[in-house]
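Taking the hints into account, I'd like the entire structure generated from these sequences.
Going line by line, the protein sequences match chains V and Y. Take the first sequence: its letters are residues 1 to 177, numbered as in our numbering. Take the second sequence: its letters are residues 178 to 360, numbered as in our numbering.
Accuracy of the hints is not assured; some may be wrong.
Here are the simulated DSS-like pairs of lysine-lysine, each with C-alpha atoms no more than 30 angstroms apart in a straight line [what the hints assert, rightly or not]:
#	chain 1	residue 1	chain 2	residue 2
1	V	K13	Y	K296
2	Y	K357	V	K13
3	Y	K357	Y	K266
Covered, in the sense of this in silico footprint (three residues per stretch, anywhere, with C-beta under 8 angstroms from a C-beta of chain Y), are these stretches of chain V [unchecked claim]:
#	region
4	11 to 18
5	92 to 102
Below, a sample of chain V positions facing chain Y; criterion: calculated Cβ distance under 10 angstroms [claimed, not checked]:
#	residue
6	L22
7	L23
8	G24
9	E25
10	A32
11	R49
12	E50
13	S51
14	L55
15	E56
16	A58
17	A60
18	V84
Quick caveat, the hints were computed from the structure, so don't treat them as lab data. Note that the Cβ used here is the ideal one computed from N, Cα and C, for glycine as well.
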Amino acid sequence: MSNDRSDDDAEQKLADRCLTYLLGEMPTAERAEFEQQLCDPDVASLFERESQLLLELADAKTHSPAPPSAAAPPSNAFSATRRVGWLMALGAAVLLLVGVAWQANQSGDDRGNGSMELRIAQAWADSPILSSDVLGDELGWTVEDDGQDETDELTDSIDWMVAAVEVDNVEDGRNDG
Amino acid sequence: MSDSGSFDDDGTQPPTEGIEVQWRELIEEVRPGLRSFLTAKLPQAADVEDCLQTVILAALESRPQIPESARRAWLFRVASNEAALYWRKKKTTDRVLEKHGQYHVTADERTAANTFETKETADRIQRAISELSPDVQRIVRMRIQENLTFQQIADQLGTPLGTVLTRMRRAMERLRNQFKDQA
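In structure tokens form, the structure reads like this:
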């Protein structure tokens with residue numbers, strides 16, 4: 001048992017010397033003596049292994065001198081927080097898209113209905129023939145006191161119809177000319 | 178190639194030649210060590226010299242971009258590969274002589290055989306490094322990848338030199354054991 005340990009210690013010491021030599025830190029006097037030892041196949045074998053290890057280390061990714069917080073391995077709490085954050089952002093994005101789509105749909109309907117009403121209202125405002133007097137004259141109707149309500153109601157409904165026809169005429173006129 | 182180690186150093190070389198000078202100086206420094214190392218692996222002095230020249234030529238032609246701290250290790254790794262190639266060629270030659278067949282070990286075959294092993298080793302080392310504490314990882318990185326001296330590391334970290342040396346030694350011991358166990 002103790003022999004194994006002393007063998008291990010001797011091997012570690014020899015490996016340390018190999019590393020010192022490979023790193024160019026061995027004093028010149030000691031170096032010549034060590035180089036003589038390399039003729040021994042066992043020493044050469046251990047030296048070869050140490051060379052390989054050093055090359056691998058030179059090529060490996062080691063920890064960069066980052067701040068201590070970054071140096072710590074990522075914890076589960078951090079990962080969970082980040083995951084929740086991503087989910088929340090995703091949810092918000094979906095809600096936003098749905099909202100925008102719904103609003104666009106609504107405004108499209110409103111625009112369709114509203115434009116017709118607006119055009120009719122403009123026709124009402126612009127066209128002088130839509131006054132009740134002229135309308136009555138043209139249609140050969142006389143507004144009497146008797147049946148006033150009924151006439152007004154009829155006139156109103158006709159007015160809207162005439163206005164709609166007027167709008168169409170205006171549109172046709174624009175298209176034609 | 179016998180004089181490949183000698184060079185004129187007038188101190189006015191452009192950067193690329195400066196790198197070559199660095200490699201030449203390094204080769205001169207480790208040439209006795211390389212020779213001893215190859216002596217342990219090859220039977221004849223002439224084979225040792227042949228391999229040594231091949232290693233020197235490879236270093237001067239490729240001048241790989243690796244950290245200064247790992248250049249000696251690279252030279253010895255190339256020497257080890259060349260020694261292995263010598264034995265493989267010899268084995269092949271013997272087999273050819275025995276069977277009168279024709280077979281050549283190509284460089285591609287050699288590379289393909291080593292690639293998988295190299296990647297596995299690199300993965301193992303990477304895992305072993307990640308198990309070290311961040312402070313120790315930092316010391317290993319500063320020494321091996323950034324080529325700082327231990328004194329410079331101690332100064333930069335504000336840590337006693339002895340502590341830095343101890344941490345480095347323990348880290349290497351740990352990495353070494355894992356490397357050895359799985360090799």
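Right, here's what the structure says about each hint:
A distance of roughly 28 angstroms separates the Cα atoms of K13 (chain V) and K296 (chain Y); the hinted pair therefore holds under the 30 angstroms criterion. Pair hint K357 (chain Y) plus K13 (chain V) holds up; C-alpha atoms about 15 angstroms apart against a cutoff of 30 angstroms. Note on K357 (chain Y) and K266 (chain Y): the hinted pairing holds, with a Cα-Cα distance of about 28 angstroms set against a maximum of 30 angstroms. Coverage of the region 11 to 18 of chain V by chain Y holds. Counting CB-CB distances below 8 angstroms, 3 residues qualify, and the rule asks for three or more.
Interface restraint, the region 92 to 102 of chain V with chain Y: violated (0 residues with C-beta to C-beta distance below 8 angstroms; minimum three). Given hint, L22 (chain V) at the interface with chain Y, holds; its Cβ is 5 angstroms from that chain's nearest Cβ, closer than 10 angstroms. Annotation: L23 (chain V) was flagged as interfacial toward chain Y, and the flag holds, the nearest CB pair being 6 angstroms apart, inside 10 angstroms. The interface hint given for G24 (chain V) holds, since its Cβ lies 6 angstroms from the closest Cβ of chain Y, which is under the 10 angstroms cut-off.
For E25 (chain V), the interface hint holds, the least distance from its beta-carbon to any beta-carbon of chain Y being 8 angstroms, beneath 10 angstroms. With a cut of 10 angstroms, the hint placing A32 (chain V) at the interface with chain Y holds, because the nearest CB-to-CB distance is about 7 angstroms. A cut of 10 angstroms between beta carbons decides the hint on R49 (chain V): the least distance to chain Y is about 7 angstroms, and the hint holds. Proximity of E50 (chain V) to chain Y holds as hinted, the smallest CB-CB distance being about 7 angstroms (cut-off 10 angstroms).
Of the supplied interface hints, the one on S51 (chain V) holds, with its beta-carbon coming within about 4 angstroms of a beta-carbon of chain Y, less than 10 angstroms. Checking L55 (chain V) against chain Y: minimum C-beta separation of about 5 angstroms stays under 10 angstroms; hint holds. At its closest, the beta carbon of E56 (chain V) sits 4 angstroms from a beta carbon of chain Y; the interface hint therefore holds under the 10 angstroms criterion. Nearest Cβ of chain Y to the Cβ of A58 (chain V): about 4 angstroms, under the 10 angstroms cut. The hint holds.
With 10 angstroms as the threshold, the beta carbon of A60 (chain V) comes within range of chain Y, its nearest partner Cβ sitting at about 5 angstroms, so the hint holds. Given hint, V84 (chain V) at the interface with chain Y, is violated; its Cβ is 27 angstroms from that chain's nearest Cβ, farther than 10 angstroms.
The earlier numbered hints that this structure contradicts are 5 and 18.
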